[in-house]
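Protein chains: 2
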Amino acid sequence: MSASTGWSGSATEILRVDPSVSFADVDTYAKPGFTGSKSDGKAWLGSRATDLRELQEKLYANGRSGDHRSVLLVLQGMDTSGKGGIVKHVLGQVEPQGVDHTSFAAPTEEERAHPFLWRVEKALPRAGQIGVFDRSHYEDVLIVRVHDMVPREVWETRYDEINAFEKRVVESGTTLIKVALALSKDEQRERLARRLRRPDKYWKFDPSDVAERGYWNDYMAAYDAVFERTSTEYAPWHVVPCDRKWYSRVAVTELLVEALHGFDLDWPAADFDVEEQRRLLRES
Amino acid sequence: MSASTGWSGSATEILRVDPSVSFADVDTYAKPGFTGSKSDGKAWLGSRATDLRELQEKLYANGRSGDHRSVLLVLQGMDTSGKGGIVKHVLGQVEPQGVDHTSFAAPTEEERAHPFLWRVEKALPRAGQIGVFDRSHYEDVLIVRVHDMVPREVWETRYDEINAFEKRVVESGTTLIKVALALSKDEQRERLARRLRRPDKYWKFDPSDVAERGYWNDYMAAYDAVFERTSTEYAPWHVVPCDRKWYSRVAVTELLVEALHGFDLDWPAADFDVEEQRRLLRES
Chain A
1 MSASTGWSGS ATEILRVDPS VSFADVDTYA KPGFTGSKSD GKAWLGSRAT
51 DLRELQEKLY ANGRSGDHRS VLLVLQGMDT SGKGGIVKHV LGQVEPQGVD
101 HTSFAAPTEE ERAHPFLWRV EKALPRAGQI GVFDRSHYED VLIVRVHDMV
151 PREVWETRYD EINAFEKRVV ESGTTLIKVA LALSKDEQRE RLARRLRRPD
201 KYWKFDPSDV AERGYWNDYM AAYDAVFERT STEYAPWHVV PCDRKWYSRV
251 AVTELLVEAL HGFDLDWPAA DFDVEEQRRL LRES
Chain B
1001 MSASTGWSGS ATEILRVDPS VSFADVDTYA KPGFTGSKSD GKAWLGSRAT
1051 DLRELQEKLY ANGRSGDHRS VLLVLQGMDT SGKGGIVKHV LGQVEPQGVD
1101 HTSFAAPTEE ERAHPFLWRV EKALPRAGQI GVFDRSHYED VLIVRVHDMV
1151 PREVWETRYD EINAFEKRVV ESGTTLIKVA LALSKDEQRE RLARRLRRPD
1201 KYWKFDPSDV AERGYWNDYM AAYDAVFERT STEYAPWHVV PCDRKWYSRV
1251 AVTELLVEAL HGFDLDWPAA DFDVEEQRRL LRES
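Chains as they are written, first to last, in our numbering: chain A, 1 to 284; chain B, 1001 to 1284.
If we strip away everything but chain A, and leave its shape as in the complex, we get (with noise of 0.2 Å):
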């Protein structure tokens, strides 16, 4: 990794979508702000690890000493674009105490049974903790619009709601990094491809993945209504090429680390006298 390896500004600007690209014509294969190989990413990723883990201490014990924020990672992205594999690789590195992960899967009939927002509501990261949604409440403007899963009215008063809640969700002190992992229609073939190839993989595959990719178009036009109607000041929306996936999981580092770094931790001061607990350690 030579010197000059690395990112050549702050990622929460480079990655910030812009919205006079359609999602479908994201470079996926870029890798936006990191001057380096694949090699250097990985020594990159090695080195912010521990960057990460300390911040990561940092939120959480602060969190215990009485500060509310948190961080909540929102992952999205179409199947095989890799949001696993970051929470293992990126997530992975740090106190898995401190990490509150959340997989949205199709909702089950109680979640139906309650307002869309309800079960995240309660999937919310609680003071100092990194919370990580694998896919989100976006999934209900996603593939509940391209499917009309629910009538148009309905999906349409979504993006206000999540606006409103999301402001709500800031200013109760969580940053929201909202990720969307653009991979391009031939390299999600491959990946499948891969899973047919190795039967200890078969797990992974579903046939509605193939059928899926019908209707790839639909949805990369329900991902840029998303980031024209919910990328807003306070919860921006970041565009993440996944092509390469080392490169998305060194980006989304980067993201986290920045965020954390906003934040201005310090360790929490002893609210007890150390001295005298020291004298009374002695004597138990």
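If you're looking for bench data, these hints aren't it; they were derived computationally from the structure. Glycine residues also receive a C-beta, built at the ideal position from the N, C-alpha and C atoms. Honestly, I wouldn't trust all of these hints.
Residues on chain A that point at chain B, a partial pick, calculated with CB under 10 Å [said to hold, decoys possible]:
#	residue
1	ARG48
2	GLU54
3	GLU57
4	ALA61
5	ARG197
6	TYR202
7	ALA211
8	VAL257
9	ALA259
10	ALA269
11	GLU276
12	GLN277
Given chain A, put chain B in place with the hints provided.
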């Protein structure tokens, strides 16, 4: 690591609680069953991590394919016994999305308004998951008993309630691994003193930790009662010495690996026509 280094037998058998030995008399610096040094232990942990990862992925894969089984690791131990470190170093090795971690702190007002097993029931792992309890329902017969937080006739009935509860959990397909970490009172003093020497560790220190040392013998007696009354055929207790942290991590890893091996898991077969899906994918 020499060829003869490793486990001299089944960790599950070797570590099973011996009702004739009081918890206060356990050799907390021992490393029962493991023939090797600290560096051997670390090497062992590294190589076992690969097994653990594959077994966990198989459990998860089968859970998605209709297998209802899961694992629940219950970690109990005095303050500083290293429960958090086990979560980090043992469970941190596997896919975060396959691990369901719950820390049981003092119950909230809502939790206190329900029977003591209410919050535990809600935290049980779903099919295919490895659940981890950092403290558990056993606090309701440990700290609660030591400090008379409820009348004796209330906590007295809880042992039987716990057994009935755990029997039902096991019958539903969850393998329970109950681990009591055995720490010496002197080693606890040393670990607390370390927190008082480092400002970045002050947040982990609570003056009540020192005060609790005054009840050490009462806790040991409460643990003995737990072993006597709740170490059952279907959910036995294991006692893991933890004055040497590396050993306790090796031991808990081994208990997990043995439990997962016991499931005799294979990769789920494809429930679709692989050739047909390959063709559809090529055409998509």
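We went through each hint and held it up to the structure:
no., hint, verdict
1, ARG48, "violated, 17 Å"
2, GLU54, "holds, 9 Å"
3, GLU57, "holds, 8 Å"
4, ALA61, "holds, 4 Å"
5, ARG197, "holds, 9 Å"
6, TYR202, "holds, 4 Å"
7, ALA211, "holds, 8 Å"
8, VAL257, "violated, 18 Å"
9, ALA259, "violated, 19 Å"
10, ALA269, "holds, 7 Å"
11, GLU276, "holds, 9 Å"
12, GLN277, "holds, 6 Å"
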